[in-house]
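Listed in order, the protein sequences are those of chains A and B. So for the first sequence, our numbering puts the first residue at 1; every next one is plus one. So for the second sequence, our numbering puts the first residue at 491; every next one is plus one.
Misleading hints may appear alongside valid ones.
[Unchecked claim] Derived CB-CB ranges, DEER-like:
1) B/Phe663 <-> A/Trp134: 54 to 64 angstroms
2) B/Ile635 <-> A/Arg438: 31 to 41 angstroms
3) B/Pro583 <-> A/Phe219: 24 to 34 angstroms
4) B/Trp584 <-> A/Ile107: 38 to 48 angstroms
5) A/Asp226 <-> B/Trp555: 19 to 29 angstroms
6) B/His551 <-> A/Pro297: 48 to 58 angstroms
7) A/Trp134 <-> B/Phe585: 50 to 60 angstroms
What the hints contain is simulated information worked out from the structure, not anything from laboratory work. Built from N, CA and C at the ideal position, the CB exists for glycine as well.
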Amino acid sequence: MIQIDSVEKQQHRKLIVTWSITFLLLFPILIILGLLMRLNQGEWMKLNIDTFYALMTLHGLGMAGLLFSLALAALHYLIGTRYARLSVKTGYFVYFLVLIGVVGLLIATLIGKFGAGWYLLYPLPFKGGSWASWSTGLSIVSLIILGVAWLIGSAHVVYALAKEYGGFTKLIGWQYLGKEEPKEELPAIVLITTISLVPGIMSFLAGAVFLIMNLLQFFEPGLSFDPLLLKNLVFFFGHTLVNITMYCGVGWVYTLLPEFTGREWKVNKVLVYSWNATFFFILFAYFHHLYMDFVQPLPFQYAGQIASYFSTVPATAITMFGVIVQFYHSRVKWSIIPTAFLLGTAGWAIGGFAAVVDSTISINKVLHNTLWVPAHFHTYMLMGVVLFIFGFLYYLVYTNQKQRIDENARFGFWLFVFGAYGFLLMFYLGGMHSVPRRFSDYGGIAITSTHEMGAFLARSAAVCVGLLLLGLLMMYGSLFAKLLKKHEPE
Amino acid sequence: MHKRIKDSALLLTIGVLFFVFSFPMNDWFSLTMPRHQVLQLPAMFTLGIALAILFKKVNIHAISWGIAVLIMVMTSLIFWMLPRSIDLTIVYPWFNRVMHVTMLMAGFFTITVWRNIIFEIKITFPGMVAAMVLATGLALRTFTILLCSSFTLEQQKETGLYLIVIGFVLFVFMLTILFRELGRAKKEE
Numbered sequence: 001m002i003q004i005d006s007v008e009k010q011q012h013r014k015l016i017v018t019w020s021i022t023f024l025l026l027f028p029i030l031i032i033l034g035l036l037m038r039l040n041q042g043e044w045m046k047l048n049i050d051t052f053y054a055l056m057t058l059h060g061l062g063m064a065g066l067l068f069s070l071a072l073a074a075l076h077y078l079i080g081t082r083y084a085r086l087s088v089k090t091g092y093f094v095y096f097l098v099l100i101g102v103v104g105l106l107i108a109t110l111i112g113k114f115g116a117g118w119y120l121l122y123p124l125p126f127k128g129g130s131w132a133s134w135s136t137g138l139s140i141v142s143l144i145i146l147g148v149a150w151l152i153g154s155a156h157v158v159y160a161l162a163k164e165y166g167g168f169t170k171l172i173g174w175q176y177l178g179k180e181e182p183k184e185e186l187p188a189i190v191l192i193t194t195i196s197l198v199p200g201i202m203s204f205l206a207g208a209v210f211l212i213m214n215l216l217q218f219f220e221p222g223l224s225f226d227p228l229l230l231k232n233l234v235f236f237f238g239h240t241l242v243n244i245t246m247y248c249g250v251g252w253v254y255t256l257l258p259e260f261t262g263r264e265w266k267v268n269k270v271l272v273y274s275w276n277a278t279f280f281f282i283l284f285a286y287f288h289h290l291y292m293d294f295v296q297p298l299p300f301q302y303a304g305q306i307a308s309y310f311s312t313v314p315a316t317a318i319t320m321f322g323v324i325v326q327f328y329h330s331r332v333k334w335s336i337i338p339t340a341f342l343l344g345t346a347g348w349a350i351g352g353f354a355a356v357v358d359s360t361i362s363i364n365k366v367l368h369n370t371l372w373v374p375a376h377f378h379t380y381m382l383m384g385v386v387l388f389i390f391g392f393l394y395y396l397v398y399t400n401q402k403q404r405i406d407e408n409a410r411f412g413f414w415l416f417v418f419g420a421y422g423f424l425l426m427f428y429l430g431g432m433h434s435v436p437r438r439f440s441d442y443g444g445i446a447i448t449s450t451h452e453m454g455a456f457l458a459r460s461a462a463v464c465v466g467l468l469l470l471g472l473l474m475m476y477g478s479l480f481a482k483l484l485k486k487h488e489p490e
Numbered sequence: 491m492h493k494r495i496k497d498s499a500l501l502l503t504i505g506v507l508f509f510v511f512s513f514p515m516n517d518w519f520s521l522t523m524p525r526h527q528v529l530q531l532p533a534m535f536t537l538g539i540a541l542a543i544l545f546k547k548v549n550i551h552a553i554s555w556g557i558a559v560l561i562m563v564m565t566s567l568i569f570w571m572l573p574r575s576i577d578l579t580i581v582y583p584w585f586n587r588v589m590h591v592t593m594l595m596a597g598f599f600t601i602t603v604w605r606n607i608i609f610e611i612k613i614t615f616p617g618m619v620a621a622m623v624l625a626t627g628l629a630l631r632t633f634t635i636l637l638c639s640s641f642t643l644e645q646q647k648e649t650g651l652y653l654i655v656i657g658f659v660l661f662v663f664m665l666t667i668l669f670r671e672l673g674r675a676k677k678e679e
């Protein structure tokens, strides 16, 4: 086991505190953008159409980028202080690159009103008349900068692990597949980090091709690319990014949860098989985003359904089982940290199940353009990834015992969860009632019942977001104070 | 002594090839777009690589300098792929020779940086170049307007196809480096 001195640990801590504060500042702002959208859909306020789509774009790009960036930073911290030697300088380099990219996106969407949505569906970025042309170029360049930052950050973490654990095949646990017991134990976080970040590296490069093509189009409007090719590229990039964000979070649950339950959570053959399935199938799962594109070759559509099942079901099932075994009769002292990990896993299961349902071709035909889609990915992200992140942030600043006496934070946490599930429920009900997604408001829907149901659910969702924000505020008081406090080295 | 003769012979070969590609064969290379973009430009880059292999002691160790040099290499690659630059290289042979020297230096400096650069950049640089070449190839394939007045639309599309192939090769090269380096990685003592 590698020995990391306290000075280096302190440096890593400073870096993760910087990341955490940035996250805590940006996260509620991005939630408020979502709240404004729901208020507009609920007809409680009136946003211009261009403002609505600019907010939607920033909300989508911002949340996906912010959550992945923090997930990567948390892995950088946990691995850099426990399992392998990571460079703090590289960590700051990635941080500043991400910051530049985020500032670029803020300017493009809030000033330039860029509103093509998070995946810049080609050729929409160049056809929209409501945003300034420069904002398209700035968004593309900002996303390229973000992609480079994530690429460098991911490569850095994976390479450091490969050096520590003796090569790629050992990182993905193949030494467990033989008859003999491996000489050196592989921590689960190392396996899951590799399974997440290596496909991530591949997807970032697909994203780079997509973005450079868009950049060429920006400079030469006479160009006309194949929209299907670009849609495939952007979903390979975007879907993989969102997927691996969750897996990064799952990685630290495998490492941190045993500290609370007092039970080991070791890598074994079944775990290796299930996560290796994810490693392979995650690359092809994105095809399920293109079911509605009838020109996509048919075998790819079937591959999309099969890969969606195999990339999620084995790893999810084995992790759920592991989490249950961890908690069952463990006499865990419940604080926000283990609660967040348990509820986060539940959110992953619920959102994941809704996602698998949606990736089934016969069901997708009905649900594809309804609010069911934002319902599933919001569950997965808000009640999965975000809870893992809050569990991690509390782990960073509190001992379990001290956290248990912070009543305000605990109440805030439950209010946050309650508000969030209320908000998600409105999305699911919207999906059930065929309320369409991506509509700025429902005034134009000719079917009165759908229009009224959509607006009513949006208003209810806005109330729930209010509760969620209140809960967040209560958690913030203690989190900020603790994060900003000077930490004594161990 | 034997090594010195071998090195001198290699240096001479590089010099002769550079001269042949840049002067007697320049008209032949400039005749079609694929020859100019897919043969002459990479040939000069490859000669630069060969030159760097010869001068093993010339190395750039500092990571910051290495990154700066690779950005310069990438910028020069972009510059010499711009339609206006390509047109000028065909109209003015001296301008084409500026391209030859630049590519020779680009190849040379890429290797002097490559020997010592960190893994992260070893993945990012070829990855981004592959992405750029693929995107350019796809753009040339789909564009129905002539970009370089010195060539024809058919040649433009043909060049696009070759660039897509080169882009894929570079992408596979990047993946090879990724998995090879991860496979070979060992703990630093």
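A quick look at each hint next to the structure:
Taken as a hint, the range 54 to 64 angstroms is violated for the pair B/Phe663 and A/Trp134, whose Cβ atoms sit roughly 35 angstroms apart. A hinted range of 31 to 41 angstroms holds for the C-beta pair B/Ile635 and A/Arg438, which are about 34 angstroms apart. For the pair B/Pro583 and A/Phe219, the supplied restraint of 24 to 34 angstroms holds, since their beta-carbon distance comes to about 28 angstroms. Checked against the given bound of 38 to 48 angstroms, the beta carbons of B/Trp584 and A/Ile107, roughly 42 angstroms apart, stay inside it.
Separated by about 40 angstroms at the C-beta atoms, A/Asp226 and B/Trp555 break the suggested range of 19 to 29 angstroms. The given range of 48 to 58 angstroms is respected by B/His551 and A/Pro297, whose C-beta atoms sit roughly 49 angstroms from each other. The hint said 50 to 60 angstroms for the Cβ distance between A/Trp134 and B/Phe585, and at roughly 31 angstroms that hint is violated.
Violated hints, in rising order: 1, 5 and 7; the structure is consistent with all others.
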